[in-house]
Amino acid sequence: MRRQVIFDTDPSPDDAVAFLAAIASPDELEVLAITTVAGNVPVELTSKNARKALELAHRTDIPVFAGATAPLVRPLVTAEHVHGRTGFDGYDLPEPATSLGDGFAPDVIVELVMSRPAKAVSLCCLAPLTNVALAMAREPRLASHLAGIVLMGGSMSEGGNITAAAEFNFYVDPEAAVRVFLSGAAITMIPLDCTHQALLTDQRLEMLRSTGTPLGTAFYHLLEWNKRFDRAKYGWAGGPLHDATVTAYLLSPELFAGRTVRVDIECNSPLTLGASVVDWWGVSGRTANATVLRNIDAEGYFQLIFARLLHL
Amino acid sequence: MNTTRKILIDTDTASDDAVALIMALRSPDVKVLAITVVAGNVSVEQGARNALFTVELCQSPVPIFSGARAPLVRPLEDGVWFHGRNGLGDHGYQPASRLTEDEFAVNAMVRVIEANPGIELITLGPLTNLALALRQSPQLAENVSRCVVMGGAPCCEGNVTPAAEYNFWVDPEAARVVLRSQLPIELVGWQLSRGAAVVKGHEIDEILALRTSFAEFAIRANDTAAQAYRTQTREVGIALPDPTAMAILLDPALALVSSGHFMDVQVDSGITRGMSVVDKLGVAEDARNRAAWSEVLERGRKHKVIWEMDIPGWKQSLLRTLA
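In order, the protein sequences belong to chains A and B.
Final position of the first sequence in our numbering is 362; the numbers increase by one with none missing.
Final position of the second sequence in our numbering is 350; the numbers increase by one with none missing.
Everything labelled a hint here was simulated from the structure, so no lab data went into it.
Hints may be right or wrong, so weigh each one.
[Said to hold, decoys possible] Below, a sample of chain B positions facing chain A; criterion: calculated Cβ distance under 7 Å:
#1 100
#2 162
#3 165
#4 168
#5 295
Ideal Cβ placement from N, Cα and C applies to all residues, glycine included.
Please construct the entire structure, taking both the sequences and the accompanying hints into account.
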């Protein structure tokens, strides 16, 4: 069955691979729109990067809508130390020639979801959850009208990547994450525990370069530059390709293993702000609100995602 | 009298909000460009019904927009124990013939403010709509000349907890966003409507003697709230926090004593949830406080806190408006 999806994203190269691989899978997925939010870099830049990626892939038929400039409550924290000043450092793509769509991303999400039958549209969330929380503030029926939300965020037993306790997307807007996790929507959460198994090794990067196509070459350079930070920081054979796990799950859920459990997000403690507390053993007695994917078949993941991406 | 002052009212319309709306709509000094409704005292749907009823009573064409149905992060905890189930003392007021506009209140707020530089804002409810608008349009504050906020319990006890006033307590995260913005806030805490500012028995008689539909509605819609206020404070009469804020918006000279301070709101869920913290002595910038206050110092500004109001002036303003 073909599913309709909206990607909510703060594009660094990871995010772009995620939505381009979905666009390249028309038998399974119809990408209705890309909505951008402040996160890895400010929203002006994430909105540019989304359009740069679509233009590179000659898919300017997919509209891009800009959303929140800052988290719900807190000032924006960005990650230029990882993603570079533009979020797309490492390869010079031309400035986008296409315009942004007319409309504020949370309004567009509400419109696209509510104008379709219940359970028709899924949200693919690759960034802080600000736009989704703002959309839920506008339309309380949104959560139950969605087919589901598949999101990259949080961490269970892997520790944090922006503080000792928290993963970046949840840390940047913990209040938005709380709102989304309490919304009643069917949530699939892909934490660092999963994405840290999916390392972009030299051999896997080579799959991109060896194509010799403009798209393969561009993403080789973008990802090679982007993952230098992780390689140096963690000493791994490559950086994790986090965000495309969301697309891979929609295409081939059998690549993942997880459990449906209770997840809550810390909003108060300065020490553990944004930490996702996953009740893996069901000790809280609280109602389960998310399926947490803890394991991935990394080889199958890269084969799938790069085959789709390079098919564009 | 300058007739070009434009205002926008954000309200969780219940009993005292309704009186404040009448004051603004009947004032010759201001033009109300829009009324935006937020969930608070009552659900946003009921608040919108109450606003529509009040506006129709005033025969005003002002557009009314329905906004946030719940606080930014927390579930709504309404105030029907204070204002009655319908927010207006449960007297079975008939639904208005008008409806709210289609546009979401936050979008309307951004649109109206951006199209009317110099506009004055007044918020009578939780600050959810305004916080959402600030997130949608980061430059919003530049177009606002005054922002009167009815909320908080500056340097005094609260009305829903020992520490906090209802509007700040119910959506503390939104209050924090607003206080940490560049909006030129004038804070009218709930304490200004207490004590001598309470409308007493003989004053209620004086208002009813006006024999207008406004006077009758203002007193009757507040009777449940007056009972609740008596239980809460042992003070007899009608306390009108939102109308005192509106009186100060309409006539800034009613604010007799005020001063500018850095402010913040406690957003944890413990005993001081929603507490308005005013740096009255100016110690926030001291070395020992800098870490805790850094975001307020960097992003916010000093806001005007109003400490004393011209009580006879406030009561004249109320009487004039209901005549």
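Notebook entry, point to check: Any hints this thing doesn't respect? Which numbers, in order?
Noted result: 4
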